[in-house]
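So you can see what is in the structure, the chains are spelled out below.
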Amino acid sequence: MADVDERIAAEVAWIYRTHPRPEAAARERLMERIREARPPGRRGLGPTWWLRPRAISLPPLAWAASALVLVALGGSLMWLAPLGPGAQNASTAVTTAPAGESRRLVRFAVQAPGARRVALVGDFNGWDPQASPMRRVGGTWLLSLPVSGGRHVYAFVVDGERWLSDPAAPLAPEDEFGFRKSVLVVRDPESL
Amino acid sequence: MNEGRHITRASVALVLLLLDFAAQPVRATDERLVRRLDPATAQAVGRIVDDARAAGLPADPLVATALEGSSRRASPARIVNAVRRQLGELERARAALGSGAGEAEIVAGAAALRAGVPADTIARLRGLRPDQPLVVPLVVVADLVTRGVPVTTASASIVSALCAGLGDAELLRLREQVALDIRGGASPGRAVVLRAQDLGLALDGQPRAPAAERTAPMRTRAP
Amino acid sequence: MTTAVNLLHVTSEGSASFQFTGMTDADLVASVLGGNLDAFAVLVDRYHDDCRRLARHLLGHEHDAEDATQETFLRAYAGLARYDERNAFRSWLYRILVNQCRTLGRQRRRRDRRFVQDPEALGLAAGPPGDADGELRQALAAALAGLAPRLREAFLLKHGEGLDYAEMSRITGVGISALKMRVKRAADEVRPKLERLLRG
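Protein chains in written order, with the numbering used here: chain A, 1 to 192; chain B, 1 to 223; chain C, 1 to 200.
To be clear, the hints were calculated from the coordinates, so they are not data collected in a lab. Every residue gets a Cβ at the ideal spot worked out from N, C-alpha and C, and that includes glycine. Just so you know, nobody snuck in bad clues.
In silico EDC-like pairs for lysine to aspartate or glutamate, Cα to Cα no more than 16 Å straight-line:
#1 C:Lys180 with A:Asp5
#2 C:Lys180 with C:Glu167
#3 C:Lys184 with A:Asp3
#4 C:Lys184 with C:Asp164
#5 C:Lys193 with A:Asp5
#6 C:Lys193 with C:Glu135
#7 C:Lys184 with A:Glu6
#8 C:Lys184 with A:Asp5
Quick list of simulated restraints, FRET-style, between CB atoms:
#9 B:Cys163 with C:Glu135: 19 to 27 Å
#10 B:Ser187 with C:Arg86: 19 to 27 Å
#11 B:Gly56 with C:Arg75: 53 to 61 Å
#12 A:Val137 with C:Ser177: 47 to 55 Å
A few chain C positions that, by computed beta-carbon distances, are all more than 12 Å from chain A:
#13 Arg90
#14 Arg108
#15 Arg111
#16 Tyr165
Full structure from sequences and hints, please.
What follows is the structure in structure tokens.
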């Protein structure tokens, strides 16, 4: 009887996991309604909120990178502050290209609230930490750059010495120089 | 002073190692190399780059690697090795992808090879998607392996995904979900297996159910 | 001339979901409370499909499932300040969802007097004759549909979602031993209906 039950459990799991298929339109319908809804009330800023321990487990390699991303006491206060309607987003994004341009504008973003300066480096700027300093908005560092179509690799350099990959992006395999860079794929503008 | 002589000696040794004493004219795009690297290293790298061009392989990634090495303050020997190794990977990637492969595909393929994805997996992906760019599948499989997913599992998941006709957006979503799961503490291989199952994929290239005798394959897509 | 390559950061059609992918759920919640709606879109992206799936299997009706899921997220959004980040966001969300499904399920049962889960609609259409797997799955889907709602709820959380009893208890508000009993009773009910097919 036990293996019959196991078989049943397995089949239930299969049916369950494979149906129904994910549907983006349903998510969009929901977001429409969310956008119309009243924004949630703000959480009380009592003294214990940010003192509650956060249980976070990360693979060892991610610690160096996330040391900057994890909430420090000061950092969490920044996230509590309202960002306003022009809220800056915390991750890299690509936009459409202006007509006739062979490159697309890419907005690079990384959370590094404790950093003094952050630079973008990548194959599109010769990996030069002086070439593309990012600007700081709250705890987020931003920079927009035109990038040509294709596969690119990039990273962020914090305070002139610590190299950080983009936590939101795919990883390139470790290179000769002991580092795993981030990958950016940009659609060739002519193809759109 | 000591350091300067040391570097010069190493550079000379490199040049000798490459067994080419003829001075090459510096081409326009190599000016970046000349600006950022010492002359001997710039020349050594420049020659590898020329070889790439002669073979019809992308040169920009090689230059970029050298510049990256310079920014990382790597030794000249390491820089040249890195560029040489990458040229080999580009060659093998093109062999696996076929001569019609685009530049971005070759570069993505080279990275996948470096991550440990076998060349015949890459060739198989090409066969499953002959007319559309493979960049995203290659980027995704390389990412999964880099995050610790066993090569066979990662390869099987992407092969299976292409067999099932999944598009780039879905592949990227899969990658994102798996990365999140791993960050949440899941074992990488298991995370891929589960997320692939969510998409109706089983990791031997055939969509199917667990632990049952199969007669005909089940339809896994909702009508 | 580079070949056409696809845009990397498109994880769902047209939404803002590609942003914030490095952030934890708790971070995203904090961001939403700070006024950033796009962070909520990411939470939706992460959990909407799973919620919709649970609702679909609990309720059997596609539209009911979507209603329940929408309602769940709307309530989560409205009550976001009450989310305690010591708990998993998924559990908190599922708790809201299970309650929504109970409510909607009750309403529909009052209207329809029976639970009809259409295997066709779930994509479980029978394959060619002699398709043993297909027949089994149809029978299983029918058997699940025949379960009392509480039993189905426990059974799906255990074997569909793969949760442990402690987690199930947090989500359903039901005690662990009661949940074990429900799962067992569900299995006892489903098993005889499938035995013939499993042996064949």
